[in-house]
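J.: The primary structure of each chain is shown beneath.
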Amino acid sequence: MNNVMAISGIVVKELYRRKDFYVLFVLTALITLLLGSVSFFNDAKIVRYLKEVCLLLIWISSLVIAIGTAARQIPAERESRTIFPLLAKPVTRGQFIMGKFLGCWLACGVALAVFYLFFGVVSESRGGRNASSAELSSAAATVGTEAANQVDDHDHAGDGIEHHDEHAVLGHRSVVMNYVQALWLHWMMLGVVTAMVLLGSVVLSAPSVSVTISFIGIVGILLLGEHLNKVALRQPQPLQAILYTGYFLIPHLEWFDIRDRVIYDQPPIPFADGGLATLYAIAYTGLFLFLTWFVFRRKALTL
Amino acid sequence: MRLASPFLLLGLLLAVCFTLATTIQPRTPAWSDRGKSGDVLKLLLGDGRRMFANHFFEQADISFHSGYYPSIFERREPAGKSPMAGGADAHEAHDEAAHEKEMAFLGQPRDWIERFGRHFRVTEHTHLAQGQEREILPWLRLSAELDPQRVDTYTVAAYWLRERLGRVKEAEDFLREGQRNNPESCEILFELGRLYRDSRHDSGRARNVWQLALRKWTEQESGKPKPNLYQLEQIAVNLARVEEQAGQFERAIGLLELGKKASPNPAPLQAQIEELKAKVAAAATSPKVPAN
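Here the protein sequences come in this chain order: A and B.
Going by our numbering, the first residue of the first sequence is number 1, and it counts up by one from there.
Going by our numbering, the first residue of the second sequence is number 304, and it counts up by one from there.
For the record, the hints were derived by calculation from the structure and aren't laboratory data.
Please note: incorrect hints may appear among the correct ones.
Straight-line Cα separation of at most 25 Å, SDA-like style, residue types lysine to any residue; simulated pairs [what the hints assert, rightly or not]:
no.: 1; chain 1: A; residue 1: K45; chain 2: B; residue 2: Q362
no.: 2; chain 1: A; residue 1: K13; chain 2: A; residue 2: L24
no.: 3; chain 1: B; residue 1: K404; chain 2: A; residue 2: L228
no.: 4; chain 1: A; residue 1: K45; chain 2: B; residue 2: A549
no.: 5; chain 1: B; residue 1: K472; chain 2: A; residue 2: S37
no.: 6; chain 1: A; residue 1: K230; chain 2: B; residue 2: Q482
no.: 7; chain 1: B; residue 1: K404; chain 2: B; residue 2: R444
no.: 8; chain 1: A; residue 1: K19; chain 2: A; residue 2: M5
no.: 9; chain 1: B; residue 1: K472; chain 2: A; residue 2: L228
no.: 10; chain 1: A; residue 1: K230; chain 2: B; residue 2: E361
no.: 11; chain 1: B; residue 1: K519; chain 2: B; residue 2: R467
no.: 12; chain 1: B; residue 1: K404; chain 2: B; residue 2: R421
no.: 13; chain 1: A; residue 1: K230; chain 2: B; residue 2: R424
no.: 14; chain 1: A; residue 1: K230; chain 2: B; residue 2: F408
no.: 15; chain 1: B; residue 1: K404; chain 2: A; residue 2: K13
no.: 16; chain 1: B; residue 1: K519; chain 2: B; residue 2: A549
no.: 17; chain 1: A; residue 1: K45; chain 2: B; residue 2: R444
no.: 18; chain 1: A; residue 1: K45; chain 2: B; residue 2: H358
no.: 19; chain 1: B; residue 1: K404; chain 2: A; residue 2: V38
no.: 20; chain 1: B; residue 1: K472; chain 2: A; residue 2: L24
no.: 21; chain 1: A; residue 1: K45; chain 2: B; residue 2: A407
no.: 22; chain 1: A; residue 1: K45; chain 2: B; residue 2: R421
no.: 23; chain 1: A; residue 1: K45; chain 2: B; residue 2: G469
Covered by chain B, according to a simulated footprint, are these stretches of chain A (three or more residues, beta-carbon under 8 Å) [unchecked claim]:
no.: 24; segment: 40-48
no.: 25; segment: 70-79
no.: 26; segment: 254-267
no.: 27; segment: 270-280
The calculated label-pair distances, taken between Cβ atoms and stated as ranges, are [to be verified]:
no.: 28; chain 1: B; residue 1: E480; chain 2: A; residue 2: A44; range: 19 to 25 Å
no.: 29; chain 1: A; residue 1: A206; chain 2: B; residue 2: R378; range: 38 to 44 Å
no.: 30; chain 1: B; residue 1: R378; chain 2: A; residue 2: N2; range: 22 to 28 Å
no.: 31; chain 1: B; residue 1: Q548; chain 2: A; residue 2: A29; range: 43 to 49 Å
no.: 32; chain 1: B; residue 1: K529; chain 2: A; residue 2: T278; range: 53 to 59 Å
no.: 33; chain 1: A; residue 1: R18; chain 2: B; residue 2: R503; range: 56 to 62 Å
no.: 34; chain 1: A; residue 1: L34; chain 2: B; residue 2: K472; range: 43 to 49 Å
no.: 35; chain 1: B; residue 1: G410; chain 2: A; residue 2: V219; range: 47 to 53 Å
no.: 36; chain 1: B; residue 1: L313; chain 2: A; residue 2: A206; range: 40 to 46 Å
Think of the CB as a built atom: it goes at the ideal place given N, C-alpha and C, for glycine as much as any other residue.
Using the sequences provided together with the hints, build the complete structure.
T.: See below:
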């Protein structure tokens, strides 16, 4: 464990020596503050567009940091031949992989904490949850009850919509809980991403290839992952079976994206669901790390 | 070969740059009209910016529904008119049940992944209310910046600004901006007329604007195989109300006749015409007070 922690410590130090995080943070802060200074129709209470843009920038930045950091870890050690003294310590290849992963993941966690702190400060300084509980609950109740009266029971029973008026009631504690949940799930997702990219970095030939393919794959899952089953059902066999299998195999990273819940002041997700999602992320992270070790254990260290 | 002094070379290069700049600069405006605009978005994106305008208009609708919105994979048919795309009459007439059915796009989960995934997304259909409608405004403003010829953006934003947020001045300014960008639009003129009548209580100005709107409609739509009859009905009926208030019953009857032709439900308008005709007849038969 000491070996793993020592390697991970070096990776964390590497992140704050490099300029990536600072550049991305300054860029995010600059764009957000610039947009925050814009007045739309002389209304200073408008806040959701700012939350939307800021969270989008945080997601993009975190993915760039996670993918960029993870993709170059192993190739850089091999290229500079520092991997030889490292593995001669003795550090096993499993510990090496684990250390690199832990370092990247912790570094992402530190970066995320800074990003979310900034987001919280900006959001709350603009009025944050300016949609008061009463307003939201009345709006929800209006649409919910009118609809319930008008739409026939059959259609309504099958729509899968939750009409819980009490869910619309948000306290300040719930807002903080929303931020914490968003940060936690985001970090869990970055764990899966980091493990995936590490696997890519030992399978693919160069870090640039690994970065590009990982980025395309991860963004593809985030945008299309949840819809793959719908697409599959419209296809003829055997394409339908192939797509549906892919749908069950891919890690559903989109679950961890609860930006909408934060932006639109939705109630926090139940702890049980958050816990299950965390377990899901740990399982996929473990799977990808195992595969990375499996490929790396017999791989020649020279390029 | 002996090299010239670096300062001389620098001077020469600066002179060349300056000469080229003065020669080329007067010609560049003819190459593209992009640089003429003071608008940063136009400068950066050119005409390609119009592609994004629709996206931001839809983003306003997403915001109006607090994130509960069908993706392209969940739309069964082209989206109907959202309640966000207001207009008071349209809004009142809007069939809530039909909208609710349209928004019940989730259906039963197909598998455990979809069922579990719904815990993390917005699954409750709500509309912004009680002043929260302001949250849609930045997206509409952005949409208008990207595509100034998109008339809906101005009318929708003006409706929410005026009706729900009580910001009449901002609504009028935005409609005026829309009118400058779309001088032939009868929809913007119609919305402007409503602003004058309902918010400024200036029926005279509303009448003038609606008369212009009616003229624009006739110029643009009457020759079309499928004219926008809904718009014609809206203008004609509202203009008739103002004429009636001004005591111009004959003109009001004429306008209601026009509205009746455009309306899918002419019976109520016919009843109003009869009522007005009765008023005209009563006014004609009533004894005149002799002038002293």
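J.: A separate judgement is required for each hint: does it hold in the structure or not?
T.: Hints, one by one, checked against the model:
This hinted pair checks out: K45/A and Q362/B have alpha carbons roughly 19 Å apart, not beyond 25 Å. For the given pair, K13/A sits about 17 Å from L24/A by alpha-carbon distance, which is consistent with the 25 Å threshold. At most 25 Å may separate the alpha-carbon atoms for a hinted pair to count; K404/B and L228/A meet this at roughly 24 Å. A hinted pair counts as satisfied when its Cα atoms are at most 25 Å apart, and K45/A with A549/B does not qualify at roughly 41 Å.
Restraint check: the Cα-Cα separation between K472/B and S37/A comes to about 21 Å, which is no more than 25 Å; the hinted pair holds. Taking the CA atoms of K230/A and Q482/B, the gap is near 43 Å; set against the 25 Å cutoff, the hint is violated. Simply put, K404/B and R444/B have alpha-carbon atoms about 29 Å apart, too far for the 25 Å limit, and the pair is violated. Between K19/A and M5/A the alpha-carbon distance is near 23 Å, which keeps this suggested pair within the 25 Å criterion.
A C-alpha spacing of about 47 Å is found between K472/B and L228/A, which places the hinted pair above 25 Å, so the restraint is violated. For a cut-off of 25 Å, the pair hint linking K230/A to E361/B stands: about 22 Å separates their Cα positions. In summary, the hint linking K519/B to R467/B is not supported, as the alpha carbons are separated by about 28 Å, beyond the 25 Å threshold. With a C-alpha separation of about 19 Å, the suggested pairing of K404/B with R421/B holds against the 25 Å cut-off.
Annotation: proposed proximity of K230/A to R424/B holds, straight-line Cα distance about 17 Å (limit 25 Å). In summary, the hint linking K230/A to F408/B is supported, as the alpha carbons are separated by about 13 Å, within the 25 Å threshold. At roughly 55 Å between alpha-carbon atoms, K404/B and K13/A are farther apart than 25 Å, so this suggested pair is violated. With a C-alpha separation of about 23 Å, the suggested pairing of K519/B with A549/B holds against the 25 Å cut-off.
Taking the CA atoms of K45/A and R444/B, the gap is near 16 Å; set against the 25 Å cutoff, the hint holds. Taken as a hint, the K45/A and H358/B pair is honoured in the structure, with Cα atoms around 23 Å apart against an allowance of 25 Å. Straight-line distance between C-alpha atoms of K404/B and V38/A comes to about 37 Å, which puts the hinted pair past the 25 Å bound. For the proposed pair K472/B and L24/A, the alpha carbon gap of about 40 Å is over 25 Å, so the pair is violated.
For the hint linking K45/A to A407/B, the alpha-carbon distance of about 31 Å lies beyond 25 Å, and the restraint is violated. For the hint pairing K45/A with R421/B, the CA-to-CA distance comes to about 30 Å; that exceeds 25 Å, so the pair is violated. Between K45/A and G469/B the CA atoms are separated by roughly 14 Å; this keeps the pair inside 25 Å, and the hint holds. Coverage of the segment 40-48 of chain A by chain B holds [criterion: at least 3 residues with CB-CB distance below 8 Å; count 8].
Counting residues of the segment 70-79 of chain A whose beta carbon lies closer than 8 Å to any beta carbon of chain B gives 0, which falls below the threshold of three, so the coverage claim is violated. Coverage of a stretch by a chain is defined here by at least three residues with a beta carbon nearer than 8 Å to that chain's beta carbons; for the segment 254-267 of chain A and chain B the count is 11, and the condition holds. For a cut-off of 8 Å, the count of residues in the segment 270-280 of chain A with a CB near a CB of chain B stands at 4, and the three-residue condition holds. At roughly 21 Å, the beta carbons of E480/B and A44/A sit within the given window of 19 to 25 Å.
With their beta carbons about 41 Å apart, A206/A and R378/B fall inside the hinted range of 38 to 44 Å. For R378/B paired with N2/A, a C-beta distance near 55 Å fails the hint of 22 to 28 Å. At roughly 56 Å, the beta carbons of Q548/B and A29/A sit outside the given window of 43 to 49 Å. Checked against the given bound of 53 to 59 Å, the beta carbons of K529/B and T278/A, roughly 56 Å apart, stay inside it.
Here the CB-CB span from R18/A to R503/B is close to 60 Å, well matched to the stated 56 to 62 Å. L34/A and K472/B have their C-beta atoms about 26 Å apart, which leaves the hinted 43 to 49 Å range violated. Under the hint 47 to 53 Å, the C-beta atoms of G410/B and V219/A, about 27 Å apart, miss the expected range. A hinted range of 40 to 46 Å for the beta carbons of L313/B and A206/A is consistent with their spacing of about 41 Å.
The structure does not agree with the numbered hints 4, 6, 7, 9, 11, 15, 19, 20, 21, 22, 25, 30, 31, 34, 35 stated previously, though it agrees with the rest.
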